[in-house]
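Taken in order, these protein sequences are the chains called A and B.
Each residue of the first sequence is one higher than the one before, counting from 1 in UniProt numbering.
Each residue of the second sequence is one higher than the one before, counting from 1 in UniProt numbering.
Hints may contain errors.
[What the hints assert, rightly or not] Some residues of chain B that are not near chain A, with every Cβ distance over 12 Å (derived):
1) S80
2) L166
3) P360
[Claimed, not checked] Here chain B is said to cover these stretches of chain A; the calculated rule only asks that three of the stretch's residues, wherever they fall, bring their Cβ under 8 Å from a Cβ of chain B:
4) 52-61
5) 67-81
[Stated by the list, open to error] Distance condition first, Cα-Cα at most 30 Å in a straight line; then the derived DSSO-like pairs of lysine-lysine:
6) B:K335 - B:K126
7) B:K202 - B:K126
8) A:K67 - B:K126
9) B:K335 - A:K67
10) B:K202 - A:K67
Calculated from the structure, these hints are not laboratory results.
Even for Gly, the Cβ is constructed at its ideal location relative to N, Cα and C.
Here are the chains, one letter per residue:
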Amino acid sequence: MQNSAEQIRSLVFDALRAALDRPVEFSDDTNITEGLGLDSVAVMDFVMEIEDALDISIPLDRIAEVKTVGDLVAAAQDLKGGR
Amino acid sequence: MALFDKYAPLMGQFESLESTGYNPFNVSFDRVLSPTEGVIAGRRILLLGTNNYLGLTYDPDVIDAAVAATRSLGAGTTGSRVANGSYGGHRQLERHLADFYGRQHCMVFSTGYQANLGILSALAGKDDHLILDADSHASIYDGSRLGHAQVTRFRHNDPDDLDNRLRRLADTPGDKVIVVEGIYSMLGDTAPLREFVEVKRKWGAYLVVDEAHSLGVLGRTGRGLAEAAGVEDEVDFVVGTFSKSLGGIGGFCVSDMDGFDILRVASRPYMFTASLPPAVVAAVTEALNQLRHRPALRQQLMDNARRFHAGLGDLGFHVGPEASPVVSAIMPDPKTAFAFWTRLLEAGLYTNVSLPPATPKGLALLRSSVSAAHSRSQIDHALSLFADTGRELGLIPAEPAIPTWVKHPTATLAGAEPQDALAIGFRSQLLARLAAPSKAMAKYYSAFRRQSPGRARIVGDK
Ligand SMILES: Cc1ncc(COP(=O)(O)O)c(C=O)c1O
């Protein structure tokens with residue numbers, strides 16, 4: 001099933017919101033580790049949720065390149081081919 | 001200073017630990033007296049955080065072998081096996097390990113960490129795929145990064161998730177290599193290896209099992225989880241370390257795969273580092289001999305493990321899902337873990353603190369490892385110190401009582417949010433003591449997972 005770029009974006013935002021243990025405001029520009037206080041393992045764990053929702057695999061080197069929420073959205077869109 | 005600016009947050013944490021007087025990551029032993037006792041800051045301490053599972057570090061035959069090897073062959077090899085030559089002892093140790101595992105090939109590395117680096121980076125090439133259990137040891141992650149393969153992870157101990165990820169890769173070219181551990185070093189749980197083997201077969205993947213914490217611990221002859229699960233034929237590569245049950249240092253990989261020896265000139269962590277010194281090789285060879293011929297050690301170890309694991313559980317601590325030599329008490333947060341650790345040390349007991357991201361699910365752990373060398377009274381003494389400290393810190397009930405929600409599982413949890421992951425995990429764990437262990441584990445982890453994909457919420461953690 002093809003997901004639109006916007007669907008993928010809102011899916012990433014939802015997954016991130018669920019991964020945080022308190023409500024935090026964030027945008028495409030927010031740095032995931034520094035801005036949201038997630039450590040490397042927590043990031044990899046919540047990426048799994050995105051992988052499952054989109055039925056894709058995001059290799060660890062791609063995750064390592066991700067700095068901001070927007071980077072992650074872009075990586076997911078790229079791998080899903082939904083651009 | 002600018003170079004280290006990036007470590008400012010870490011430095012802050014470290015300094016605040018130092019200021020409390022003790023820092024669990026900076027302990028120094030004045031002396032070590034035996035596998036179970038040492039001296040810290042002039043005080044005699046009971047050791048419960050050493051990974052010295054069989055207590056072989058002071059075995060007289062092991063020590064004699066090391067001394068004799070040093071006298072006849074010198075203190076070090078001063079070079080790599082590839083560039084500067086192997087000694088007879090390296091080859092002999094490889095033959096003994098291959099024989100012990102009933103496999104054709106064995107390579108010995110200078111540490112267990114390097115064994116993972118050397119094997120994983122060399123097995124999977126640029127177009128291949130490494131699929132790691134999410135809770136893998138740092139050496140497995142680092143070994144994956146050292147090579148050029150694509151790396152993905154699957155949910156800890158979850159064969160369905162592994163299956164799902166292999167399915168996604170099915171149309172992608174390249175070999176698929178699955179990596180799991182025998183006993184996991186943080187919570188002491190074991191991999192559901194039979195189920196993993198089924199998934200591996202279904203997709204034609206290869207399987208690597210790191211038996212670092214299960215060598216000499218599990219299996220009829222001590223070969224580890226693959227032996228205990230009866231699936232050794234389906235495990236393509238066993239990796240292990242000499243630094244735990246064998247009481248030395250070094251690592252190895254055994255396999256029956258044709259052409260295995262090419263890794264000796266392809267694996268950089270094997271080629272570009274000095275080989276193990278004669279003393280270590282001789283000591284490990286003798287320790288392996290002891291492991292093979294003294295099954296009573298394994299029995300003693302598991303008796304101690306069960307006693308300690310059950311003891312902590314009965315006191316009301318949240319412990320890992322199954323009894324193994326690694327026994328971790330789950331702490332509400334890192335600060336409590338430090339406080340607990342410090343009080344135990346002041347009372348004469350040495351344990352370990354493990355923190356995220358080295359731990360699964362963001363857990364703060366007070367980790368213990370038991371040894372065959374511990375006497376029953378040492379285990380009981382450790383339990384009584386845990387009981388005192390747990391009560392002082394308000395982590396466990398004043399009296400060892402069975403809470404009502406255990407007896408009546410449908411009752412609401414007193415004093416804890418009903419949706420609290422740990423409470424649910426703990427309850428299912430207790431209830432599941434009556435059921436199969438693998439079921440208990442699945443429940444335990446799915447309770448965490450349901451709660452929050454990123455981070456388990458912990459009692460008292462708001
Ligand atoms: C699962 C696992 N693999 C590998 C290692 C590395 O072994 P070593 O410390 O002997 O280098 C360890 C322990 O440190 C471990 O727990």
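Hint check, failures only: Hints 2, 3, 5, 6, 10 not satisfied by this model.
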